[in-house]
Structures are given as C-alpha cells and as structure tokens.
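S.K.: If you want the building blocks of each chain, they are given just below.
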Amino acid sequence: METKNIMIVGVGGQGTLLTSRILGGVMENAGYQVKVSEVHGMAQRGGSVVTFVRYGDNVAEPIVEEGQADVLIAFEKLEAMRYANFLKKDGVLIVNDWRIDPISVVMGAAKYPENIIENLEKEYKVYRIDAMDEALRLGNSRVFNNVVLGLAARHMDFTREEWLKVIEEKVPPKTVEINTKAFLVGYEK
Amino acid sequence: MSEKKMMLGNAAIARGVWEAGAKVSSAYPGTPSTEISEELVKYPGVYAEWAPNEKVAAEVAIGASISGVRSFCTMKMVGLNVAADPLYSFSYIGCNGGLVAVVADDPGLYSSQNEQDTRMVCRAAAIPCMEPADSQEAKDYIKYAYEISEKFDTPVIVRTTTRLAHSQCEVELCEREEIPDKPYERDIQKHVMMPGMAKKRHVVVEQRMKDLAEYANTAPFNKVEMGDMTLDGKKVGFITEGIAYQYVKEVCPNASILKLGMCHPLPKKLIEDFASKVDVLYIFEELEPVVEEQVKSWGISCIGKEIFTIQGEYSANMIREKVLGMDLGIKAAPQIPPRPPILCPGCPHRATFSVLSKLKIHAAGDIGCYTLGALAPLSVVDTTVCMGSSISSLHGMEKAKGHDYIKNWVAVIGDSTFMHTGINSLINMFYNQSHGTVIILDNRTTGMTGHQDHPATGKTLSGEIVPAVDFTKLCNGIGITNVHEVNPFDLDALTKVIKEEVNKDELSVIIAKAPCALLKDQKHPYKVEPVPEKCVHCGACLRPGCPALTKREDGSIAIDKTMCNGCGLCMSLCKFGALQQVKA
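If you read the protein sequences in the order shown, they are chains A and B. Numbering follows my numbering, in which position 52 of the first sequence is assigned residue number 52; successive positions increment by one, without gaps. Position in the second sequence (first residue = 1) + 1000 = my numbering.
One chain only, chain B, in its complex shape:
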C-alpha cells in the first residue's frame, strides 16, 4: 500500500511538482500561495527560489522551459497581473519542457486587495486553466497539467483558492517521475515574438485552444456523476468546479454533477450532453460567471449568478438556502467589538507610524503588514493600491500639485515590497526630479506572508547565505545621495530626519531599519512594566495602539506580560517614568 499523508493544498501542490519531475521553480511569496515554495524547496532534485517579483519568477520558469526542463512558478492572483506580460506572450511561444503556474485566488478577501478571478486572465491569454477541489486533486492536477503543457505546447495555469490552499486532507504519495531533459533547438519562429512571428503563432494558439476544448470532452478530470436527485419532480444538475464542488457534494450527494477539472477551455459537447439529461441546471462557481456566461452563450438554460453571489466564498449553506429553499434558522452573530488584524507588539512599523502620526504626516502606503497603519489609532497610511505603488503615487501627487503640497507626505514601503517593484518607482522619482521622501520600512523580512527572505536579507529560499542588496548603496548607485539609515525606535533621531527631509528640495530616502519582532532569531530580553505610582493617566503610551497595553477602569495601565516584546516604544512615549524595562 502506498503512503498517505495529511497535507495542505499548498503542500500537495509542491509534492505534485516534485513527483512530476520539475527541476526549476521560482516565485514571490503571496497569501495564499506562499507555502508551495516553502514545501517544494525541501525536495531533492528541484531548484526552488524566491524571486524579487512574480514577473521575474515567471520569466525564470520560461527560461527553464525553453531550455528543456519541466519548470514551475507560483503566485497569488494579484501577482499574476505583475507576471501577465511574460505569460501572455509565452502562451504564443508554447513550451519545450512543460511549464505550470499555480495562481491562488482569494474569494472572501482573507488577505488581498481585490477579488479578481484568475480564470478571466486565462481566457484572455489563451492559457488552459485547471482547478482542483482538494489536496489529492491538487497534486494529481499538477501532473495532468504538465502532460497537457507538453502535449499541447502551452503553459498551463492551475488555479487554487484560499480555502483549497489552506485546507488539509489525506493525500496518496507517489514516487518522482524522472523526466529526461529535452534538447534545446534554436527556433526563432517559435521563440522570438516579433510581429511577423507572433501573427503566425496566434493562429497556432487559436487552433491549440480548439484542440484542447475537444480533448476536454473526454479528459479524465472533467467528470460526470449522474444521480437521481429531483426538486418538484425535476431532475437537478450542477456544473461546478474547485472547492465549490465540495459544497454541492455536502448538501446534494445524490445530485447529478458535472465537475470541471479544467475550466478553460470548456468541454462544449460534454456540457451540452449533461444539460440535456437534467431539467434544472445550476452553475455553482465562486467569483465571476466564467462558465455560466459561456454556457448561456450556447443557448443552454441555466441558473447561476441570479441566485449565487459574485462576491466572497461559497458554502454548503448557500445551496441549502438558495437551491433547497431551507430556512436554516441561523442565530444572528452577536454585536461585539470586531477584532481586525493589528501590528504585533514590538513591531518597528508602530514606532515609525507613531512619529509620522505625531508630525501629522500623510503616508502613501503599500502592500505589507504596514498597510495596517491605515487603521486607528495610528491612521497614518492614506492610500494602498498595489505592490510598489506608494513611491510612484507620491511622485504623481507632487507632479499634480507641486512640491509644497507633499511636504506633509511621505511614501512608506517595506523592504521586500521595495525589492519587488518599489525600485522602479524610485528610479522614476530620481529621473523625473522628484523632491519626495521615501521611507523604506526595513524589517529584514517579508512579514505579512510569514517571514520569507528576499534579495536584501542575504539568505535564499534554501537557506543559503548570499551577499545582500545594500539599500544605501543601491540608492547611491541610482544617483540618490540623500539617504539616511535610522533605527525607528530612536524616536528623536527619526523625528529629526523626517522633519528635515520632507522640507528639503531634494529626493530623500530614509531607511527605518529594525527587525520584525517575530523573526525567529530575535531575542526579547526585556519586558516593560508599569510603575503605577508615577502614572498620571495621560494615555500617551496607548496612542500607538500596542495590543499588549490596556487601560484599566481606573485609568491606570496594565501590560500583558505574555504579549509584550519589550521594544520600549511605550516607555519612550511616557514623560513621567511610569513605565520601566525589566528583565524578561
């Protein structure tokens, strides 16, 4: 008997990539895709790396594919936008060694800035898209995807969602398939996308998608399960895919189901045949009506977004209510204080934001833990759009309204996000003569996704120690001389440098450098405790919103010893000596 193991969807994907014999993987971390790379790097025989961004990752995989080995890249759905440029064109090129990209969508917005649907991109880019429904399928589909990639000369995207990526179930393990490297042959008609070549390749691509659609009618992963469920005497059928399939099975185990393992291109004949065998057809797909609109365009009557929402995650209860018409009698959620995520105790961003807040400076923000600086009580971050946008949008504000306008503005961006796409925006500021102030919140890691290394940490995905990008030298290399490194917990020094730089007629970069409090090698030798007799109940220590501090009924301060990391920020803000650092 083969070995079985409980695995996260993401761990199963990594296993699938390894079993499929892939040799090169590149990725940028992004919830809910991050663990794939962290798992994959543990397997022998496959090179896995963190790239500075998703575009680079996709291009690394493309190079490996062209050279003749099975290659892999993974990203969250907004990362797919960054990688869209190479992937749209690589769709025309096809592959030598198979290329599979896993893109993780986030219905319900657990950890993202929008709710986009990767299947729409797959349609636009003419890239086949597969969608597994549990960890076992996640592993199996990766292997199908490599076969399709090589057989149909195309990159393949496997789409997952947060719920699949972060759910565990049992997975049957197999051995790795050793795939011999393919030879590389120069072929500029296929590998160089100049207009003349691309015109010809576009014809090939359209034919490929037709061939794939035909293949999809009999492919093993598009499954029909005929059942005998009826409603009001009518035979009920569902077309569904991914995690949504599980909700249908939970509520209607006897319904007729067409489960799509590949959601682009669609198996038209199979769908027509299935639709003809049921009386009422529901299309149950999370996010956009990608399947529904195509099925309706073929003149097939079906019910989809009329009753199922475009927003958020689906559930079994949705079927109970919308299809079965059940009144579930669910008790309303209680009206109690919400608990949004917050910066951790000891977070260096809190120190920087407390200074910006005091100076009444607005921040054009970016993507990372520090996005949380938008919320009360810090309320420093005014804008968050996408990775790298803080710096360029600050530049846009200056060009729109002049230098004086941005004298109470800065851009804040994390070290990993700066490496991702912030660097381009900074070059633009230098080139186009901006006077803005950019603060790199350098906490020595990619924080929000759970501590991944990047080019400026000096360590790779596999743990190898390598030379680190030096931000000061990098800025100097661009031509920016006005660069200041400061420890954000030194509030006086940080205040002084921010005040000076925002008022200068010159582009400035401030590197606020202090490690993330949760990094493994961080020691917290101190804790802070109140000195009640000195406390005047002014509340200054509470202002940065550290969750370890609480105001008691009588106005005095309590510090949760289990949470305090002893950073001393609250102590620095107290003018009365009512807080003191003690040995932990």
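Isolated chain A (complex conformation):
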C-alpha cells in the first residue's frame, strides 16, 4: 500500500498530541508501519503547531511535506489556511469552525482573514464542523478535538470499533465516556 499522510494542525495547547496518538494507535493496531512526528517545547505555548502521522507498508521519513497530505485535520480556521498547501490535489480538509486570534490580530496590527472556509472550499474538498459548540453541548469544551477526529475518521479506512478501542486506551480513564460521545458526534455527523 502507498503510504498515507495525515496532518493535524492547530494552536499550541489545543491537544494535537493526544489526537496524533489516537491516530497512531489505530493504524498500529491495523498492522501498518506508523511514524508520528510531534512538536514539543516553545511552540506549544500558543504558537502554530503541526503533527504528522504517516502509515503504510514501509514508511521512511516521519514528516509530511507540501502537496502530500491525504487528510489535513485543522483545529482552527487560520491554521487550516496556513497549511492547506500541504494537501494533495484530492486531499480532504477537516476544519473546526473555530477562531483563535493570533497576537497581531488581538493587538489590531493585523486582520483575521474573512471567509476562510468558504475560500478553502473553492480549492479543496472541505468538511467543516463547529466542534466547540458540540463539545460544550456535551458539557466539556476540552473534548472538541475528539469531535473533529470523529468527522475525520469518516474519511479514513478504519472501522468505528477500531477507533473507539484506541480512544478508550489513550484518554484518561475518567473521561472515556465523554470522549467516546464526542467522537461519535463527529463520526455520525
């Protein structure tokens, strides 16, 4: 099988690491060779962060480069825009309809681009979700990333059971129920 490339992008602190570990776990269980590359350190403090997940029969490099991503999962709109050029021609963009202003925008020195998702839809196959709204409805804003993951999972080759099994393994025991619910909200959207 040709190597598949997944990217998760967002803002430091949004929990991209947990998502990449769930992804990696699902692919590992399915018997693929998996490489995951993460960002730790300074960028985690509210900076733009990107995590790569690659799986297939024989994976060498751990990163995904421009024009190569099959699935780009964006936890924030501006970050979706920043990394959209990493998508393959027929790649899928999953975007959380959520805005976090970078500091230049907070200070009024720059403008947050308008109609990001609408513009991305002109060029890419885009699936959007208001995951924060869904997560708050479940009672915990922190599980929004599993809502996004649920939607992304619909565009990958693994079964619902395969995902739920790994979520159960990777999230803190007390939060299994709400994280599972969050995933299913996205998955069944």
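Careful, some of the hints might be misleading.
[Claimed, not checked] Quick partial rundown of chain B residues pointing at chain A, CB under 8 angstroms, derived from the structure: (1) Ala1084; (2) Tyr1088; (3) His1166; (4) Gln1246; (5) Tyr1247; (6) Asn1317; (7) Pro1334; (8) Pro1338; (9) Arg1339; (10) Pro1340; (11) Ala1374; (12) Pro1377; (13) Leu1549.
[What the hints assert, rightly or not] DSSO-like cross-link-like pairs, simulated, lysine-lysine; straight-line CA separation at most 30 angstroms: (14) A:Lys170 <-> B:Lys1561; (15) A:Lys174 <-> B:Lys1534; (16) A:Lys189 <-> B:Lys1583; (17) B:Lys1520 <-> A:Lys165; (18) B:Lys1534 <-> A:Lys181; (19) A:Lys174 <-> B:Lys1005; (20) A:Lys88 <-> B:Lys1534; (21) B:Lys1042 <-> A:Lys170; (22) B:Lys1534 <-> A:Lys111; (23) A:Lys181 <-> B:Lys1322; (24) A:Lys181 <-> B:Lys1551.
Simulated from the structure, these hints should not be mistaken for lab results. Note that the structure is predicted; figures quoted are calculated from it, not measured. Glycine included, each C-beta is placed from N, C-alpha and C at the ideal position.
Since the structure of chain A is already known, use the hints to place chain B on it.
M.R.: Chain B in isolation, oriented as in the chain A frame:
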C-alpha cells in the same frame, strides 16, 4: 514473539538506558531532550534525577561511572556547552562503568537560541559520537554506546535531533541486562587530571580514537546498502546519518547508501571503499559539513553543502529538488498573520511585564517562557543570550556605564534558570558591588520545557517531597539583605517595589512569585467577563496581550471562556469596572 510498542525517540532512549543496565542518571531539562529523564524515572533499578544544570548532571554521571556502574546524563546541545568542562576532561580519564551522554540538537531551531552541531564538540573533545535514525535505533545505539564506552575506555555521546526525539515508531522491547558493579580502584594516573597525568592520557586518547576509527570500518552500525540507482547513467551514492537517512530512503530507496551509525570517528577505509563503487557521491548531513570536510580532506570527490544547506532541517523534498532536479510545483504558503508562541492566559510573567512596560524599564532577559516578553505588545525584554546571562549582563552594563545608566534596567530570570546558573551571577553582583535589580520570576516550575521540578520546588524527578531551596534565605546567605517577595498580580505592590529598588544604591532581588497557570494542581475557580455597558473602548485591558481577549469590530472586548484562566490582570488594568470576575 517479543513485545513491540510505539515510542517517541526520547522514550526509546530511556528504554535503552534501562535495558543496558545503567543505574544512575542525571539531567537538566531542555527541549528536545526532556522526556528522556521523565520516562527513565519510571523504570525500576535506575536512579534518575534533575540536576540544577548540565555541568552538575555530567559530573554526577562521571562520579557514578568512576565508582563502577553504568551511568547516564542527557541535555540539549546548548547544555552541552555548560557540561563541556567536565566532559572534555573525562574524555582523558575514560570510564570505569560505561558512561553515555545523549545530546539533542535542534536543526530548524524549534526551541533553541542557536543551531550548533554537537558533532563538532565530539571531534574537539575526542569523544565518539553515534547518531540513530529512528526510535528503534535510538534504543539499540544506547546499548552499543555502553559497549563501546567500556571496551574503548571512553565516554560516548549519542546525538539526536528534534525530529528524532519527538517522532514515534514501533520499538521492539527487550529485558534489562543486569550488569554487575565493577570494583573501584584508586588510580591517580587515570583519575586525577594534573598536567603530568593529562599529558600521558592525551597520548592514550589519541590512540583510542585511532582504534575506534579502525573498529568503525567493520562495526555493525555503519551499514552499506548497495543499490542500482543511476542518474544520467552514473551510479549514485549517499553517505548519510541520523534522520537524514530517512529522507534519502523515502526518495531514493534504490540508491547506494553508506549509513553512518557513528559519525565520529569516521570509518575511513569503509568510506574510501564505498566511494570507489559509485560515480556520484552525495554527503547528506544536517547542519555542519562534519563528515563532508573530512571526506574531502582525504581527496575523495563528493557533493555536500554546495547544494544542501547548513541551516535548518532537511527533508525528502530537498533531495527531490536538489538531486533529482524535480520541479515540485509547491503552492506558495499564504500571506496570513503568523502565530508565534505567546505567554499563556493567566501567566504571572505577563503581570510582571505589564508593570515593567508601564514603567518603561528595560529587562536583560534569560532563557524560559519569559523570553517571550521580548515580543510585542509587552516588548520588555531587550536581550537574551543563554541560561543565567541576564544577571551577569546587567552587571556588565553597570560597570560599563555606571549605576545611573541601569536605573531603568532590571534583570529578569525564572526560578529554574536562577538555580541553573543565575546564582553564580548574583554572587558576582554581590561580590563586585553592583547596584542592580534582579527580578526572579518565580512560577514554581521549569515552564517552557513542560513543568519539571527543580531545587526550589521541593519535589524531585521521582516525585519525592524534599526540602526546597528558599530564595530569600539563599540571597540572605550570600549577604544580600535587600530581598522582596511580591505577588506579581498585585500590580500596585509590584510597581512600588520596582520603582524603589531600581533607584536604590544597593543590590536588590525581587521575587515575583505566583505559580504557572498550567501547573497541574492549579485551580482556576474564576473567569473574567466583560461588562459591555461600562466599557469605554480604551484598550487598556488588551495592552498585555492576553490571547483570551479580543477586540471586536465595534471596539468592544470579547473574552474566550475556554481560554481565560481568571487571573484578573485585565480586570486590574480596567479603570471603568468594565470587566468582572465570575465563578467559572
């Protein structure tokens, strides 16, 4: 079948240290090496600690080695400079129990202040250097490194990079090897580096490196993979190492490759032989041309930094473009606002910096989250050089230009960085009669690297509760009486004390103490919300640059409830009561 597990490069290194039977480990946190110690401490039978700095960590490992057990230390590459003094000399001493140091480089500068290449230090210090290419090798090479250390009587450095340290792949787990403690024997010719002894040891060291270079020609980790790839009818070969090997394999799986598992000393015969079998030879190594320059010095024709950069991380696309001449047609990145890292919502440093900013005081800065105070909108930190430099450079400014010159300057340094090397600089200020003001930004943790304990937190790497260094008493012990502890969120108190101290003809230490908002045990019972009818759109609350606050199109303020930690800084800055604390 043995168990396999997905592991970060750093977790695999920790596993390797444990499997190799090491018993003592010491380290100071530094991205991208930090997780090694955090993983290692979970294994039984190995003592692992945080030391106040890398020099101390290296010396702890040295002591353990001399006593006769396998020992370990780890650091990021700039930490290697701090530890350089003991390691250069320990290279002469050799080891009793094996000693392995893992040093993590940061090509691409994800989290560092320079892009130095550890292999250069290894050459200068005559220390063999190994470089793994994935998590499995990271674990395997640690075990090779201990064997080499003991067989060739030398410390060994295993060099990693950010990409290796923070990438995961499957690793095959093995059992721990129980290594019996070696006896210690007094041997001052070997263990005491006075000039007379060191002269003799230097001869031994040079011979050791020759022996190692010979061994490297047939060592199992220097691998030749002959392939049939040609370009314009010419056989193509790559000499590569570490993560760069993966990029070559990704693009040119059929190329002939000499993969170096040990990058110092180099296997000259193996390289000469490999070079003779290919028509075009590329040296593909991140950062400095360490391998390339040596290979060229032997009269071997090769291509390296002529086409591959010295800066930043490598990639598979680099080979596609530079070697295969492909036009990748990559779409340009969009022109959108960048998103640099920033201080978190509720960060106590933001409170201190908002006061310094208002008072128009410059800060000689240091290494930590608070380095971010250099950026707009706070723009308080003027200089950042290395760990501990804030205090000593402020002292230098005073000696250069006089006390009046630094009346609108302070040094800012975090609690962990103060323990690391700031303390020496403070002693110098006291000794040489400085009048400067030092602010210890005491957030009760090592923040930037992800919350590690240090001597002033009262907790060790293993979670044991121990007596904590008390900064006030420590300063008093040095002889500094002018020490003030203040909560930085009490803006009036902080303003008052800073104003008074910078103008005093006396050395002062201000301890701005409030815990990091992200510390696990921190509760955030409140959030702040706007009271729109009272807001006059003055923007005072936005000035410290908290990411939870946004100015709407109409000038009013919105607060992101999911981000706000309820610290109340914005509220304290509002003169109109337009922000209020509510229960979270």
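S.K.: Does each hint fit the structure? Answer for all of them.
M.R.: Here's how the hints hold up against the structure:
no.	hint	result
1	Ala1084	violated (23 angstroms)
2	Tyr1088	violated (28 angstroms)
3	His1166	holds (5 angstroms)
4	Gln1246	holds (5 angstroms)
5	Tyr1247	holds (5 angstroms)
6	Asn1317	holds (5 angstroms)
7	Pro1334	holds (6 angstroms)
8	Pro1338	holds (7 angstroms)
9	Arg1339	holds (4 angstroms)
10	Pro1340	holds (6 angstroms)
11	Ala1374	violated (13 angstroms)
12	Pro1377	holds (5 angstroms)
13	Leu1549	holds (6 angstroms)
14	A:Lys170 <-> B:Lys1561	holds (26 angstroms)
15	A:Lys174 <-> B:Lys1534	violated (42 angstroms)
16	A:Lys189 <-> B:Lys1583	violated (33 angstroms)
17	B:Lys1520 <-> A:Lys165	holds (27 angstroms)
18	B:Lys1534 <-> A:Lys181	violated (41 angstroms)
19	A:Lys174 <-> B:Lys1005	holds (24 angstroms)
20	A:Lys88 <-> B:Lys1534	violated (50 angstroms)
21	B:Lys1042 <-> A:Lys170	holds (18 angstroms)
22	B:Lys1534 <-> A:Lys111	holds (26 angstroms)
23	A:Lys181 <-> B:Lys1322	violated (48 angstroms)
24	A:Lys181 <-> B:Lys1551	violated (34 angstroms)
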